[in-house]
Amino acid sequence: MTDGHAAAPYGPPGREDDPDRGPDGPGDPPEWVKSERQLRREAELRARGRRSVSIATASTIVVVVALVVGITKSPGWPRVQETFLSPEAFVAALPDVLRGFLLNIKIFLIAEVFILVVGLLVALVRGLRSPVFFPLRALAVLYTDIFRGVPTILLIYLVGFGVPALQLQGAPSDPVTLGIIALVLSYGAYVAEVFRSGIESVHPSQRAAARSLALTHGQTMRYVVLPQAVRRVVPPLLNDFVSLQKDTALVAVLGPLEALRQASIHASSDFNYTPYLAAALLFIALTVPMARLTDHLAARAARRRTGGGDA
Amino acid sequence: MSLLKVEGVWKHYHRQSVLRGVDLEVAPHEVVCLIGASGSGKSTLLRCVNLLETIDDGAIHLDGTEITDPRADPDDVRRRIGMVFQAYNLFPHMTVLDNITLAPRRVHGVRAEEAEARARELLDRFGLAGKADEYPDRLSGGQQQRVAVIRAVATTPRLLLLDEVTSALDPTLVTEVLGIIRELKDTGMTMILATHEMGFARDIADQVCFLEGGVLLESGPPGQIFSEPRHPRTRAFLQRVLEARRM
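Quick note, the sequences are listed as chains A and B, same order. Once you know that position 53 of the first sequence is 53 in UniProt numbering, the rest is easy, because the numbers rise by one and skip nothing. Once you know that position 67 of the second sequence is 67 in UniProt numbering, the rest is easy, because the numbers rise by one and skip nothing.
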């Protein structure tokens with residue numbers, strides 16, 4: 001760690017080999033030899049780096065020990081250990097919970113595609129200016145206002161029990177499909193706002209340049225604004241998808257055998273809550289890599305923004 | 001017949017008048033330079049001609065038809081007018097070649113190969129032969145602005161508007177952009193430039209217009225405007241420019 005710090009930025013500058021220029025040519029820049037002062041400075045920085053690492057290690061150990069001691073010495077610990085951390089119950093429930101989790105992934109993947117389509121369409125409709133589209137635009141505003149305001153779980157109840165109750169010809173009655181529809185309605189509204197903020201973040205001068213080339217509103221969107229907007233909203237979109245991944249568990253209230261439902265079946269038959277822990281671990285196993293990817297993309301976008309001069 | 005005719009154009013922003021009854025006529029192949037302090041209305045006038053701003057009164061005619069008629073199709077007007085901006089406004093997600101061929105292909109229906117061949121020819125002519133596949137942020141300011149000029153002329157417009165195209169550039173890069181404009185004049189391109197480069201305006205313009213506070217105070221051939229300005233405000237402005245240069 002301290003090594004990398006010292007090595008990368010301070011190496012001798014890579015001199016451009018220019019065969020036409022003699023070593024003592026008039027325009028030859030002076031060669032850099034590290035001065036005593038710089039060497040002392042680097043030694044001091046390295047020592048400081050080592051000191052920070054030891055302090056961080058020590059404080060981490062103190063905190064972890066305090067947590068472990070505090071929890072295991074608590075009066076209810078033996079009981080918690082038995083009901084939440086039973087290896088036997090874990091092993092017994094895992095296959096079913098895992099099978100249920102595959103359904104969560106399926107719900108997630110299908111919903112994600114529709115959410116992107118709905119979100120993008122709603123965002124684009126809100127950007128239309130022609131008076132012909134006024135009703136559509138009003139509808140889009142109404143949609144985002146309502147569906148961002150209703151708690152997702154309530155929406156799942158409403159769609160999951162309300163739509164079948166209508167007894168419409170051809171309306172879906174399968175709980176998974178209904179759950180997906182509810183998730184799409186809820187997340188579509190959020191994603192529409194993300195897309196809209198991305199579209200609005202593209203500088204007006206880009207639009208002016210496109211219009212000055214006689215591109216129509218639609219062409220300006222398609223070739224100039226959207227490609228830039230979508231690139232900017234990838235990190236917030238991924239963030240919404242991390243959230244969607246775990247909200248697939250809400251579909252459990254409609255009855256399909258996904259991870260949470262499987263876990264609760266096991267939990268209620270054995271009076272042991274360890275299956276919930278199994279389900280939680282599976283969700284974490286999926287969301288953590290996605291969250292790291294989001295961070296990585298956001299950091300890269302930030303580097304690009306400061307690196308490339310965006311006049 | 002004049003190519004562009006601006007008649008009594010008014011424009012307000014937030015109840016403040018930016019253009020106050022501006023009249024201007026531009027003949028085919030003529031180069032007109034708009035001079036004046038920042039905020040005098042030069043840029044606004046150009047944006048009004050390109051219909052990027054709607055005027056509040058008056059009329060603008062291009063090739064004898066009124067383009068400020070609400071029934072006129074703005075896209076049809078812009079197909080005949082090119083514009084170059086102070087901050088280049090290249091599309092950062094497209095290569096130089098795509099920036100240049102976008103409008104010919106999507107707006108003018110030119111086939112891709114044809115549009116590319118023409119773009120490469122223009123890049124060649126203006127000293128940017130190796131830059132076709134670069135992204136704009138890999139180019140210097142002068143190179144970016146030259147690409148922006150090429151993008152604007154790739155559709156062979158009737159009229160080219162240049163809005164302070166050298167103001168964002170390092171002094172050493174100004175000449176390369178001015179060079180390309182001079183070449184365009186030689187090809188007979190009709191141009192209106194808003195500019196702070198007085199020496200260049202004197203050299204290239206057929207007509208120089210001085211604006212102040214949204215009023216076109218004086219216009220005439222560069223020799224007259226720069227050597228014997230009639231209006232005292234023009235004289236005062238040129239005096240200030242001269243003093244600034246001596247500093």
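Since the hints were derived computationally from the structure, they do not count as laboratory data. It should be emphasised that the depicted structure is a prediction, and the values quoted were computed from it without experimental measurement. There may be inaccurate statements among the hints.
What the hints assert, rightly or not - Looking from chain A toward chain B, a few residues come up when the C-beta cut is under 10 Å (computed):
id: 1; residue: S173
id: 2; residue: P175
id: 3; residue: H203
id: 4; residue: Q206
id: 5; residue: L215
id: 6; residue: R231
As the list claims (entries may be wrong) - Footprint (simulated), chain A over chain B, 3 or more residues, beta carbon under 8 Å:
id: 7; region: 27-36
id: 8; region: 182-195
Ideal Cβ positions, reconstructed from N, Cα and C, are used throughout, including at glycine.
| Unsatisfied constraints (hint numbers, rising) | 1, 2, 7 and 8
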